[in-house]
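Residue numbers (this note's numbering), protein chains in the order written: chain G, 46 to 329; chain D, 46 to 329; chain V, 46 to 329; chain R, 46 to 329.
Quick caveat, the hints were computed from the structure, so don't treat them as lab data.
It is possible that some hints are incorrect.
[What the hints assert, rightly or not] Simulated restraints on C-beta separations: (1) R:ALA87 x V:SER224: 40 to 48 Å; (2) D:GLY323 x V:GLY181: 45 to 53 Å; (3) V:SER224 x R:ARG288: 30 to 38 Å; (4) D:GLY323 x R:PRO160: 27 to 35 Å; (5) V:ARG248 x R:ARG288: 33 to 41 Å; (6) G:SER128 x V:LYS229: 48 to 56 Å; (7) G:ALA116 x V:ASP59: 26 to 34 Å.
[Claimed, not checked] Below 30 Å or equal to it, Euclidean Cα-Cα: the simulated DSBU-like pairs (lysine-lysine) are: (8) G:LYS297 x R:LYS297; (9) D:LYS229 x D:LYS297; (10) G:LYS49 x R:LYS297; (11) R:LYS194 x G:LYS142; (12) D:LYS297 x V:LYS49; (13) R:LYS297 x V:LYS297; (14) G:LYS297 x D:LYS297; (15) G:LYS229 x G:LYS207; (16) V:LYS297 x D:LYS142.
For each residue, glycine too, the CB sits at the ideal point set by N, CA and C.
So the chains spell out like this:
4 protein chains.
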Amino acid sequence: MSSKTVVLQLICPDQPGLVSELAGWVATNGGNIRHADHHTDAGAELFLSRIEWDLEGFGVSRDSIPIAVNALADRLGGQAHLSFSDELPRVAIFASKQSHCLLDLLWRTRSGELPMQVPLVISNHRELETLCREFGVVFNFVPTKFESKSDSEKMILDLLTKHQIDLIVLAKYMQILSSDFLGKFSTIINIHHSFLPAFKGARPYHQAWDRGVKLIGATAHYVTEDLDNGPIIEQSIAHVSHRDEVDDLIRKGRDIERIALARAVRLHLRSQVMVYRGRTAVFA
Amino acid sequence: MSSKTVVLQLICPDQPGLVSELAGWVATNGGNIRHADHHTDAGAELFLSRIEWDLEGFGVSRDSIPIAVNALADRLGGQAHLSFSDELPRVAIFASKQSHCLLDLLWRTRSGELPMQVPLVISNHRELETLCREFGVVFNFVPTKFESKSDSEKMILDLLTKHQIDLIVLAKYMQILSSDFLGKFSTIINIHHSFLPAFKGARPYHQAWDRGVKLIGATAHYVTEDLDNGPIIEQSIAHVSHRDEVDDLIRKGRDIERIALARAVRLHLRSQVMVYRGRTAVFA
Amino acid sequence: MSSKTVVLQLICPDQPGLVSELAGWVATNGGNIRHADHHTDAGAELFLSRIEWDLEGFGVSRDSIPIAVNALADRLGGQAHLSFSDELPRVAIFASKQSHCLLDLLWRTRSGELPMQVPLVISNHRELETLCREFGVVFNFVPTKFESKSDSEKMILDLLTKHQIDLIVLAKYMQILSSDFLGKFSTIINIHHSFLPAFKGARPYHQAWDRGVKLIGATAHYVTEDLDNGPIIEQSIAHVSHRDEVDDLIRKGRDIERIALARAVRLHLRSQVMVYRGRTAVFA
Amino acid sequence: MSSKTVVLQLICPDQPGLVSELAGWVATNGGNIRHADHHTDAGAELFLSRIEWDLEGFGVSRDSIPIAVNALADRLGGQAHLSFSDELPRVAIFASKQSHCLLDLLWRTRSGELPMQVPLVISNHRELETLCREFGVVFNFVPTKFESKSDSEKMILDLLTKHQIDLIVLAKYMQILSSDFLGKFSTIINIHHSFLPAFKGARPYHQAWDRGVKLIGATAHYVTEDLDNGPIIEQSIAHVSHRDEVDDLIRKGRDIERIALARAVRLHLRSQVMVYRGRTAVFA
Numbered sequence: 046m047s048s049k050t051v052v053l054q055l056i057c058p059d060q061p062g063l064v065s066e067l068a069g070w071v072a073t074n075g076g077n078i079r080h081a082d083h084h085t086d087a088g089a090e091l092f093l094s095r096i097e098w099d100l101e102g103f104g105v106s107r108d109s110i111p112i113a114v115n116a117l118a119d120r121l122g123g124q125a126h127l128s129f130s131d132e133l134p135r136v137a138i139f140a141s142k143q144s145h146c147l148l149d150l151l152w153r154t155r156s157g158e159l160p161m162q163v164p165l166v167i168s169n170h171r172e173l174e175t176l177c178r179e180f181g182v183v184f185n186f187v188p189t190k191f192e193s194k195s196d197s198e199k200m201i202l203d204l205l206t207k208h209q210i211d212l213i214v215l216a217k218y219m220q221i222l223s224s225d226f227l228g229k230f231s232t233i234i235n236i237h238h239s240f241l242p243a244f245k246g247a248r249p250y251h252q253a254w255d256r257g258v259k260l261i262g263a264t265a266h267y268v269t270e271d272l273d274n275g276p277i278i279e280q281s282i283a284h285v286s287h288r289d290e291v292d293d294l295i296r297k298g299r300d301i302e303r304i305a306l307a308r309a310v311r312l313h314l315r316s317q318v319m320v321y322r323g324r325t326a327v328f329a
Numbered sequence: 046m047s048s049k050t051v052v053l054q055l056i057c058p059d060q061p062g063l064v065s066e067l068a069g070w071v072a073t074n075g076g077n078i079r080h081a082d083h084h085t086d087a088g089a090e091l092f093l094s095r096i097e098w099d100l101e102g103f104g105v106s107r108d109s110i111p112i113a114v115n116a117l118a119d120r121l122g123g124q125a126h127l128s129f130s131d132e133l134p135r136v137a138i139f140a141s142k143q144s145h146c147l148l149d150l151l152w153r154t155r156s157g158e159l160p161m162q163v164p165l166v167i168s169n170h171r172e173l174e175t176l177c178r179e180f181g182v183v184f185n186f187v188p189t190k191f192e193s194k195s196d197s198e199k200m201i202l203d204l205l206t207k208h209q210i211d212l213i214v215l216a217k218y219m220q221i222l223s224s225d226f227l228g229k230f231s232t233i234i235n236i237h238h239s240f241l242p243a244f245k246g247a248r249p250y251h252q253a254w255d256r257g258v259k260l261i262g263a264t265a266h267y268v269t270e271d272l273d274n275g276p277i278i279e280q281s282i283a284h285v286s287h288r289d290e291v292d293d294l295i296r297k298g299r300d301i302e303r304i305a306l307a308r309a310v311r312l313h314l315r316s317q318v319m320v321y322r323g324r325t326a327v328f329a
Numbered sequence: 046m047s048s049k050t051v052v053l054q055l056i057c058p059d060q061p062g063l064v065s066e067l068a069g070w071v072a073t074n075g076g077n078i079r080h081a082d083h084h085t086d087a088g089a090e091l092f093l094s095r096i097e098w099d100l101e102g103f104g105v106s107r108d109s110i111p112i113a114v115n116a117l118a119d120r121l122g123g124q125a126h127l128s129f130s131d132e133l134p135r136v137a138i139f140a141s142k143q144s145h146c147l148l149d150l151l152w153r154t155r156s157g158e159l160p161m162q163v164p165l166v167i168s169n170h171r172e173l174e175t176l177c178r179e180f181g182v183v184f185n186f187v188p189t190k191f192e193s194k195s196d197s198e199k200m201i202l203d204l205l206t207k208h209q210i211d212l213i214v215l216a217k218y219m220q221i222l223s224s225d226f227l228g229k230f231s232t233i234i235n236i237h238h239s240f241l242p243a244f245k246g247a248r249p250y251h252q253a254w255d256r257g258v259k260l261i262g263a264t265a266h267y268v269t270e271d272l273d274n275g276p277i278i279e280q281s282i283a284h285v286s287h288r289d290e291v292d293d294l295i296r297k298g299r300d301i302e303r304i305a306l307a308r309a310v311r312l313h314l315r316s317q318v319m320v321y322r323g324r325t326a327v328f329a
Numbered sequence: 046m047s048s049k050t051v052v053l054q055l056i057c058p059d060q061p062g063l064v065s066e067l068a069g070w071v072a073t074n075g076g077n078i079r080h081a082d083h084h085t086d087a088g089a090e091l092f093l094s095r096i097e098w099d100l101e102g103f104g105v106s107r108d109s110i111p112i113a114v115n116a117l118a119d120r121l122g123g124q125a126h127l128s129f130s131d132e133l134p135r136v137a138i139f140a141s142k143q144s145h146c147l148l149d150l151l152w153r154t155r156s157g158e159l160p161m162q163v164p165l166v167i168s169n170h171r172e173l174e175t176l177c178r179e180f181g182v183v184f185n186f187v188p189t190k191f192e193s194k195s196d197s198e199k200m201i202l203d204l205l206t207k208h209q210i211d212l213i214v215l216a217k218y219m220q221i222l223s224s225d226f227l228g229k230f231s232t233i234i235n236i237h238h239s240f241l242p243a244f245k246g247a248r249p250y251h252q253a254w255d256r257g258v259k260l261i262g263a264t265a266h267y268v269t270e271d272l273d274n275g276p277i278i279e280q281s282i283a284h285v286s287h288r289d290e291v292d293d294l295i296r297k298g299r300d301i302e303r304i305a306l307a308r309a310v311r312l313h314l315r316s317q318v319m320v321y322r323g324r325t326a327v328f329a
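For reference, chain G alone in the conformation it holds in the complex:
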């Protein structure tokens, strides 16, 4: 199961014959399908499909696949996205002072759980520099002050371009990216430390404690301009009781934050997530 594969994600208006059309195209060209997942959103009248097949023995050359796939998508009035399992996405991890999510992602990358490269880590603090050095990852300190936020974001965008970044992961990055920034780079996964949409905004664990909840949550989602409102990829929960202080909620929260974030990143990297109408379909 370790040979190379290609994944096609397609969204188009629903119509009869789509599964047959897509699978037929792969089969006609000698492709051996490993996974084929489909979803129809009846209300939205949309068809979503994810097909993964072996690159070896496929009759269309690697360079020609995008052309053929785009032609197919055009004919169906939809949009296609391709990824190849041997091309490791280049990921920039953003963090502030807390280490748990960053460490977790670096360890999972090193151990092979997350098929990605991490050419740079960006932080608005210096606390995590040592950790990055231990993992042999470049650490970039980019301070963010209110009066020079646009300068900081410009510096960050330059770094993203220079390092050809495909995905940003906000691993407890305590800064809000401007809509201007999001207009220039928008493939971003964030971990929010609450069971969204409960406890939006600041200090969710304090809010949760005040409310006396019996479960806390963490939510990994794509970032959109509407803060804390992007498409949800993964949610995880932990039990709490009256014995737990705010600090205990924060401690328990760290475990569910890093697990929800790592799962979401893995799903994204394997092209198992499709976004449509503010929601996700997760083929897992």
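With chain G held as given, fit chains D, V and R onto it using these hints.
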């Protein structure tokens, strides 16, 4: 383990020596303690205690226990609550059209899981009359129209008085009790069909679907005037995916609703819940 | 989404082009595919597929579909199974004295959650007769004594034939069906009151308590001759602590038993389960 | 809440007045109780108690507390255990090649989640040496060959003595400690990669995959001579499906292994676990 016990719940300002004082009082009078649970809320500077001991062999007569306990509470500047395991609370279940929570509570009562009596069921619809008849429970139809809401509530209050009701359980009762009503009867447990505080208000499953959540929840809580904001007793969750329609969320929700509600009612009936400052301590 | 559909389940040796072949056959005949799920077991070199499409507008007549499908399966060297959403399977529920699973299944059937008919309930005790009467279901008392077990099983088989039963659900039926019986009727779902394969055999909650576990489980599985070893469909768990006595484990177990069993039965009824090599693929 | 506390754990034959006696002793000496938890095992006729109080202001000097406590325990015919929150237990972590549990424990120690010191890591392989160096922890390579196992164990015991180790944590240490070793050092926590008692022994994930389970588990337990049969402290589970290969079970297992192990170690370090008759009471 089936002999009779008495449970004392006490809340008072925190001070050294409280565990010793309470346990000492029970021990001095020959009481054999089965369970002793305590909690100190450091921020609120409050001490909460639940002590359960055998009634048999206890040196204070049953009638005198309340007097002694109140004297103790007064001395400590706190409030005490007593319950005896052989006195089954009298519970009125309120429901509208949906049967799952009502059936569940009636079955658990019949099978001995819930130590309570159900002298009456009140509904603003007639759908559940047959179910009540099957379980041999009195069904009271009390229609609730906007223009005569206070008349309906008066009728309900008369029924509660007549049947000496100790607790109301709102088992999917789709009516809001007025603050006037709550001023007259306020020991009420409700099941809210969401993971509070997310999705307050109407049609939470539709809200949850629109938001694209990956987990749904149900929350059992005490009723207060501030709607959906009462002290939480129990929360339960279920996983959902993009394949689930709103109807699937509602179906999955029924399972977590009835389980969260049944657990909360059982905890209350066994005097395992203590309320303070809009929160609960649950000794389970 | 409420119109009629047909579900094809197919297992065959893995080979390229299968998804295309199946989807192509449906599409060529004008079928609108609602769900298409596939799984390849690389080790077993098997391909499993479940395709669900609208019956309305499909170009092959209902009577001819089985013939066409079997021809297709033969050509692929596999086996096919068909089901139509408007044909409610006829289910016999077997139970002994405990009511929780039986009540749950009857309520879910009545409320529309489980697409099935229940022409008969069979029990080796009389305790559940009243419950069945309340739900308007025929109750059959079939005593099982050691010396006349084969007579009892013959009586049961006659009832199954007479009522044209498609599926048996063992809802806490405390009898072991003989291999002779299983040779004559083998579509049977059982709920085992443990997290299989832990605590096989008798009194699993006592075993679990003795072992001091922190989680208990329930397992819904197909019945095979090798007791407690059939293909697992669904498992559910509950937390326990040192405060829980054996009776508490049994009580908590009832909740996970009925939920795991109901889910498994629903998955089976909707043809979402496929069995192969002692395992199941569950397309949910 | 950060000031120093002392924890008393006491097990003795059950008798009336014990809570009062213990709490009274603390109160008489001016101790402010923070937590008091008790459990009575009715079958075993045993009373278990954990009391935590402030060291500041307590009328018995630190050196005299053990003497007083042992006298108390003797009088009650039981056994006492004391711990002080400002004395960090010295923990040796044993691991083989896999890094996830070791890294997790080292990170949690560094971040303050686990109140312990790690003077040494012992491994029968060299793979984890770099990781230990990054965390500034001494790494000891102790090869274990069949023919020289007793020599290896002697070397390990010498290291334990030299470093005054209080607790061993087996963090995926793929060696079995001899009963001779256990006779000399027995405060050991292990993580077993299955939902014990299912899948004892070797390669539990392969066993679980073969059996087709829908949930996998991990069990943290104290080590006893009877392999995989020691008192369970914590269990954790993860959902799996037919899509998961053995490698996926192993990957998902890593997450629940490290979480179950970290929780168990934290509970032990905070003296929240009491062992009796092959079981644990966990006051959390």
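A quick look at each hint next to the structure:
| no. | hint | verdict |
| --- | --- | --- |
| 1 | R:ALA87 x V:SER224: 40 to 48 Å | holds, 42 Å |
| 2 | D:GLY323 x V:GLY181: 45 to 53 Å | holds, 46 Å |
| 3 | V:SER224 x R:ARG288: 30 to 38 Å | holds, 33 Å |
| 4 | D:GLY323 x R:PRO160: 27 to 35 Å | holds, 32 Å |
| 5 | V:ARG248 x R:ARG288: 33 to 41 Å | holds, 35 Å |
| 6 | G:SER128 x V:LYS229: 48 to 56 Å | holds, 52 Å |
| 7 | G:ALA116 x V:ASP59: 26 to 34 Å | holds, 29 Å |
| 8 | G:LYS297 x R:LYS297 | holds, 19 Å |
| 9 | D:LYS229 x D:LYS297 | violated, 35 Å |
| 10 | G:LYS49 x R:LYS297 | holds, 23 Å |
| 11 | R:LYS194 x G:LYS142 | violated, 45 Å |
| 12 | D:LYS297 x V:LYS49 | holds, 23 Å |
| 13 | R:LYS297 x V:LYS297 | holds, 27 Å |
| 14 | G:LYS297 x D:LYS297 | holds, 27 Å |
| 15 | G:LYS229 x G:LYS207 | holds, 14 Å |
| 16 | V:LYS297 x D:LYS142 | holds, 28 Å |
The structure shown violates the earlier hints numbered 9, 11.
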